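Undergrad: Note that the protein sequences, when read in sequence, are chains B and C. Numbering-wise, our numbering puts 21 at position 21 of the first sequence, and it's gapless, one number per residue. Numbering-wise, our numbering puts 108 at position 108 of the second sequence, and it's gapless, one number per residue.
Because the hints were derived from the structure by calculation, they are not lab data. Take the hints with a grain of salt, since some may be wrong.
[Claimed, not checked] Here are the computed lysine-lysine pairs in the BS3-like style, where the Cα-Cα straight-line distance is at most 25 Å:
| id | chain 1 | residue 1 | chain 2 | residue 2 |
| --- | --- | --- | --- | --- |
| 1 | C | Lys8 | B | Lys64 |
| 2 | C | Lys121 | B | Lys65 |
| 3 | C | Lys171 | C | Lys8 |
| 4 | C | Lys171 | C | Lys19 |
| 5 | C | Lys19 | C | Lys8 |
| 6 | C | Lys122 | C | Lys19 |
| 7 | B | Lys65 | C | Lys171 |
| 8 | C | Lys122 | C | Lys8 |
| 9 | C | Lys121 | C | Lys8 |
[To be verified] A few chain C positions that, by computed beta-carbon distances, are all more than 10 Å from chain B:
| id | residue |
| --- | --- |
| 10 | Asp71 |
| 11 | Ala72 |
| 12 | Gln176 |
[Claimed, not checked] So these bits of chain B aren't anywhere near chain C, every CB distance computed over 12 Å:
| id | residue |
| --- | --- |
| 13 | Gln37 |
| 14 | Trp46 |
| 15 | Trp48 |
| 16 | Gln49 |
Since this is a predicted model, take the numbers as computed values, not measurements. Think of the CB as a built atom: it goes at the ideal place given N, C-alpha and C, for glycine as much as any other residue.
Each chain, letter by letter, is given below.
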Amino acid sequence: MTKATELASAAGDQDPRVGLRAVSALRRLLEQLEAVQVRNARVRGWSWQEIAAELGVTRQAVHKKHGGRG
Amino acid sequence: MLGERFTKQARRAVLDAAKEAERESVPEVGRTHMLLALLGSPVLAGFDLSREEIEGAFRTARRKGGLSEADAAALRGLGIDVDQIVDSIERSLGEGALATTKTRRKRWLFGEHRPFEPALKKTLERSLVEARDLGHHYLGNEHLVLALLAGGGLVAEVLEARGVTYAEVRKLVAAQG
């Protein structure tokens with residue numbers, strides 16, 4: 001409950017800069033996490049199709065973004 | 001052309017930035033490398049900057065996937081603990097797992113130097129604007145430093161935390177005429 005309230009208060013912070021900065025940082029963190037997890041899956045022999053299914057995107061999308069390195 | 005207005009020192013700094021990237025074995029030359037190459041510039045001489053300290057700050061950020069202290073604080077505000085995420089990723093995938101950079105092999109085939117990150121290209125463009133705004137007909141290290149500060153992000157944050165602000169450096173450069 002308190003955690004949810006905290007989260008809501010941060011997300012609804014009066015200063016847009018605080019909220020926007022958090023969104024931007026979260027996006028960069030997400031991109032990095034995705035790259036790391038995709039690389040790990042490839043190292044473990046996963047196909048692009050399998051990775052795409054887990055990520056909920058098309059095979060083309062994931063290959064275009066992370067491919068080019070086999 | 002762009003390169004012709006660069007002073008000898010500024011050209012040297014760009015080449016040194018490429019060497020910094022080489023030293024780190026990363027495929028692209030970025031803004032952090034540019035700053036490391038500029039640390040000896042006269043315009044920064046009065047600030048008592050420690051190369052080790054700055055390198056340490058960059059290393060820490062790299063381990064967190066390039067996120068700065070301010071980024072981590074912003075995420076903390078959302079209830080997200082970046083350190084905890086880094087720890088958990090490193091536990092399962094090994095130390096420095098989030099620090100890995102993308103490789104762009106295709107572009108390696110062309111040209112003899114490492115490619116510049118888009119953010120660094122933007123910084124170089126910005127340095128021309130800084131020189132122009134000051135009425136200078138050359139491009140020196142001071143304009144590169146100003147451009148790094150104007151660009152925000154990790155590099156500017158690391159400098160600002162050590163008292164090197166855009167306003168301060170701009171004042172210094174303007175005073176030199």
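Undergrad: Each hint: holds or not?
TA: Status of each hint after checking the structure:
no.	hint	in the structure
1	C:Lys8 <-> B:Lys64	violated (41 Å)
2	C:Lys121 <-> B:Lys65	holds (22 Å)
3	C:Lys171 <-> C:Lys8	holds (23 Å)
4	C:Lys171 <-> C:Lys19	violated (30 Å)
5	C:Lys19 <-> C:Lys8	holds (17 Å)
6	C:Lys122 <-> C:Lys19	holds (19 Å)
7	B:Lys65 <-> C:Lys171	violated (43 Å)
8	C:Lys122 <-> C:Lys8	holds (21 Å)
9	C:Lys121 <-> C:Lys8	holds (19 Å)
10	Asp71	violated (4 Å)
11	Ala72	violated (7 Å)
12	Gln176	holds (33 Å)
13	Gln37	violated (8 Å)
14	Trp46	holds (14 Å)
15	Trp48	holds (17 Å)
16	Gln49	holds (22 Å)
In summary, the numbered hints that this structure violates are 1, 4, 7, 10, 11 and 13.
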